[in-house]
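K.L.:
Line by line, the protein sequences are chains S and X. My numbering numbers the first residue of the first sequence as 14 and each following residue consecutively. My numbering numbers the first residue of the second sequence as 55 and each following residue consecutively.
Bear in mind the hints are in silico, worked out from the structure with no lab data behind them. Backbone N, C-alpha and C fix where the C-beta goes; we use that ideal spot for every residue, glycine too. Watch out, some of these pointers could steer you wrong.
[To be verified] Label pairs and their calculated CB-CB ranges:
hint, chain 1, residue 1, chain 2, residue 2, range
1, S, Ala-328, X, Glu-141, 48 to 58 Å
2, X, Leu-195, S, Phe-272, 49 to 59 Å
3, X, Leu-64, S, Phe-22, 13 to 23 Å
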Amino acid sequence: MDLELDIAFIMIAPVLGGALLSAALLIWWERRLLGFWQDRLGPNRVGPFGLLQIVADVVKLFTKHDWVPPFSDRVVFTLAPTAIAAGMLMGFAVVPFGPGLAVSDMNIGVLFFLAMTSIAVYGVLLGGLASNNKYSLLGGLRSGAQMVTYEVFMGLSIMGVVLLTGSFNLSEIVRAQEDVWFVFPQVLGFIVFLIAGLAETHRLPFDLPEAEHELAAGFHTEYSSMKFGLIMVGEYLGVILTSAMVVTLFFGGWLGPGFLPPIIWFSLKTAFFVCGFILLRAAIPRPRYDQLMSLGWKILLPITLVNLLATGAIALLRAGA
Amino acid sequence: MSLEIVLFYLAAAVALAATGLTVTRTNASHALIYLIISLLAVAVIFYLLGAPFAAALEVVIYAGAIMVFFLFVVMMLNLGRDAAAQERRWLLPRMWIGPGVLTGVLLLEMIYLIAGSPAMSSGTPVSPKAVGIELFGPYLLAVELAAILLLAALVGALHLGRRYMRARREEIA
Chain S
14 MDLELDIAFI MIAPVLGGAL LSAALLIWWE RRLLGFWQDR LGPNRVGPFG
64 LLQIVADVVK LFTKHDWVPP FSDRVVFTLA PTAIAAGMLM GFAVVPFGPG
114 LAVSDMNIGV LFFLAMTSIA VYGVLLGGLA SNNKYSLLGG LRSGAQMVTY
164 EVFMGLSIMG VVLLTGSFNL SEIVRAQEDV WFVFPQVLGF IVFLIAGLAE
214 THRLPFDLPE AEHELAAGFH TEYSSMKFGL IMVGEYLGVI LTSAMVVTLF
264 FGGWLGPGFL PPIIWFSLKT AFFVCGFILL RAAIPRPRYD QLMSLGWKIL
314 LPITLVNLLA TGAIALLRAG A
Chain X
55 MSLEIVLFYL AAAVALAATG LTVTRTNASH ALIYLIISLL AVAVIFYLLG
105 APFAAALEVV IYAGAIMVFF LFVVMMLNLG RDAAAQERRW LLPRMWIGPG
155 VLTGVLLLEM IYLIAGSPAM SSGTPVSPKA VGIELFGPYL LAVELAAILL
205 LAALVGALHL GRRYMRARRE EIA
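One chain only, chain S, in its complex shape:
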């Protein structure tokens, strides 16, 4: 027990640091990749390959005027961005980066991840409400409905994996994929989880809470300086966390041929899905809000239910045989 606690305490700093550093790197990486796919250069001036662009951006954000609107609900307005970043950072606690390499290897890991992403919803909702601005309120309302809706499918799409493993523990889920990655038996679950993850992190094409062509900047219209920075970092943390969960649940986590250590395999796979997220942003236009909702309830919900039914039947047959 004490040894486990020690490992947990040693893991906390590198996991938090690594997550925040990759989130910061992602700000540069996303712009470079988008530039590449849109046939332009992207930020390439500051430092080698434009890598120091992050530093420039951070300095810029820190020196901007940190404005709290006088008509806003000051305390809630200030606290809302922290809920986004803190919720996503807490989610990293259960991600198994390698065998035994997790801050907490708790037996309800999957549920803990779902719980922390639902805490992050409050940041968006409260930010929109506390701004006391019509656009922010509309953005907050949209995000509330969107995230609660897609949380349902996210949870249901994971249940197939949980059924096949027989555990909520993420390390055990990875170990159960030694023969075959769950993406093959659970292809429907994977597709739904990917779409739901995209909607949960409110990334393009599902960034309707901030849809800039109709809502100014949506829920974070009134945010400036480092508060805005925290919201952006929270968003990128969400992208990394969702990619890490896709890898853990459907693509064998740290498993891979032996010539690379497990943690490198995990990072490579996660990086692949992060790039996938960015490519989706570059490739797909934003749907209308009612289209997003009917996609969820009329297509994704039946798919997940059929998937769950079939998986349950197969698991029952196997247990009987």
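Given the structure of chain S, go ahead and fit chain X onto it with the hints provided.
P.N.:
Chain X in isolation, oriented as in the chain S frame:
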């Protein structure tokens, strides 16, 4: 005192303070935030008592879904300073007497019960699997009844929504 007991009393204190603040806030959204904090504190207590599954569900279902809908309603109602002032007028000192006496009785009962039995928790963690087997074994009837209730609510909501949408369509046409 062991670490767990310290954590328990800390979480319990947070839960009590947050619940008290929930009742006394006149701004509806602030009250809701305190209610969410209170639910999170209760989830920590569940975890410490050896029920991680109940703790997770407390956060996912209550804090993560139901409270979002509460907040949703608050956002739709457009409550401003006037609403807070009205709340303040309603929350008179004499309003506290009735509920105070009733909860006082419950408090005395609880103190008596706690004083009688020192061990509140069984001390053994309950796994999600055990909860599932119990739910779909001895408590199957309760699960089915809850499902029927939810289905009825869903059908009712659909019915009301449809009537509203039909009226709107006729209005437009």
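K.L.:
If a hint holds in the structure, say so; if it does not, say that too.
P.N.:
Verification of the supplied hints:
For the hinted restraint 48 to 58 Å between S:Ala-328 and X:Glu-141, the CB-CB distance of approximately 52 Å keeps it satisfied. As the Cβ distance of X:Leu-195 to S:Phe-272 is approximately 56 Å, the hint placing it in 49 to 59 Å holds. Taking the beta carbon of each, X:Leu-64 and S:Phe-22 are about 19 Å apart, inside 13 to 23 Å as hinted.
The structure fails none of the hints (numbered hints given earlier).
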